[in-house]
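The task is simple: from the sequences and hints, build the whole structure.
Each protein sequence line maps, in turn, to chains A and R. With our numbering, letter number 191 in the first sequence gets 405, and the count goes up by one each step, no holes. With our numbering, letter number 106 in the second sequence gets 320, and the count goes up by one each step, no holes.
Incorrect hints may appear among the rest.
Any copy, or any two copies together, can satisfy a pair, since identical chains are not distinguished.
[Claimed, not checked] Taking lysine to aspartate or glutamate pairs in the EDC-like style, the calculated list, with each CA pair at most 16 Å apart, reads:
1. K266 x D284
2. K256 x D229
3. K266 x D254
4. K351 x D387
5. K266 x D282
6. K417 x D284
7. K266 x D229
8. K352 x E414
9. K351 x D383
10. K255 x E230
11. K380 x E357
In case anyone wonders, no lab produced these hints; they're calculated from the structure.
There are 2 protein chains.
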Amino acid sequence: MHRQILPTALLRLIDELGSLPGVGPRTAERYAYHLLRASDKKSHTLADSLAKLHTQVSTCPITFALIDFDEQYSKLYTDESRNKQLVALVEEPLDIVALEKTGQFNGTYHVLGGAISPIDGIGPEQLHIPELVQRIKKDNVIELIIATNASVEGESTALFVQNYIKDADIQIDVSRLARGIPVGVDLEYADQITLGHALEGRKKL
Amino acid sequence: MHRQILPTALLRLIDELGSLPGVGPRTAERYAYHLLRASDKKSHTLADSLAKLHTQVSTCPITFALIDFDEQYSKLYTDESRNKQLVALVEEPLDIVALEKTGQFNGTYHVLGGAISPIDGIGPEQLHIPELVQRIKKDNVIELIIATNASVEGESTALFVQNYIKDADIQIDVSRLARGIPVGVDLEYADQITLGHALEGRKKL
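Here it is, written out as structure tokens:
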């Protein structure tokens, strides 16, 4: 019934917006209607950005971070002020944004391109692990900070990378981001796994 | 700092998606990254729908519902099986979708194009009220169901329309959608205004 009430062009847009992550039909309707009410120029600008997205975004062949199509390498790698011997290993390019926002990391990044997840058909061979090992050797990396997500997939990926490096007979420090109670969270609301990590990783004062 | 980390084309898309209603920077990042990881075809299809949106959607000159650009009037108006003497007055075109989904209304619709809201600079002169009066006369409308939102703006718009019709010396039945406790909501969680409405509109068994 819904199908017959709204114009075809609007329905098509609602359908397409509905495929964005976490967007249900009602939200898609709201987005589409907002764009319809906004100026024609606005939807054209958005259309233009979308059309250019894939051609104007490229991937750094060393760090696998996202870069402009006319760049050769990630600026976070080529920048002289960044420590190439310290590498943070992340799952996705957007994780770099989160770490950079802390302003506390002056090393370089390596993007795995996901996490090991048998259920999604992602095995270690699809991740940029061999490239990481190459890079560790080439740049004489001293420390690798494994900054994968605190999920089951992130944890098993961390373990896999750790063993892979051990098997490759590479002598570097490997660390993981601390697990513990996030700032602003009451102890009583922390889940038991987090609390367990917090106990285990307790700091002497 | 954020500005330098991601490619320009991705940042531009994040910015534009961030102007959708209720979309913050993090959500916009997720949408943009999803589109980047999806096929080039997918973002091009979405771009195409956006570019066509304004040219392929038109407004019915009688009901102000949204229609296909090649239609003259809303099908919900021209359809012979719909009762033209019963009109539901709604704020926005999407409200029609909600009412149609009930499957309990076989009248026609009239879209006001918003609600009176001095704070947003929307006065009654921006709403399609004179067109409503014309239509009431032309189609010999017997009942007008005011189906504006249950917000302050919706309530004052309803009151304004009611007075406008009285002043125009038009003799028709004017009704409002019932206010009351929504299905599935416990009495203790209903707010006092809703509960007040529910008491006032109680039904004899």
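Which of the listed hints are broken here? 6, 8
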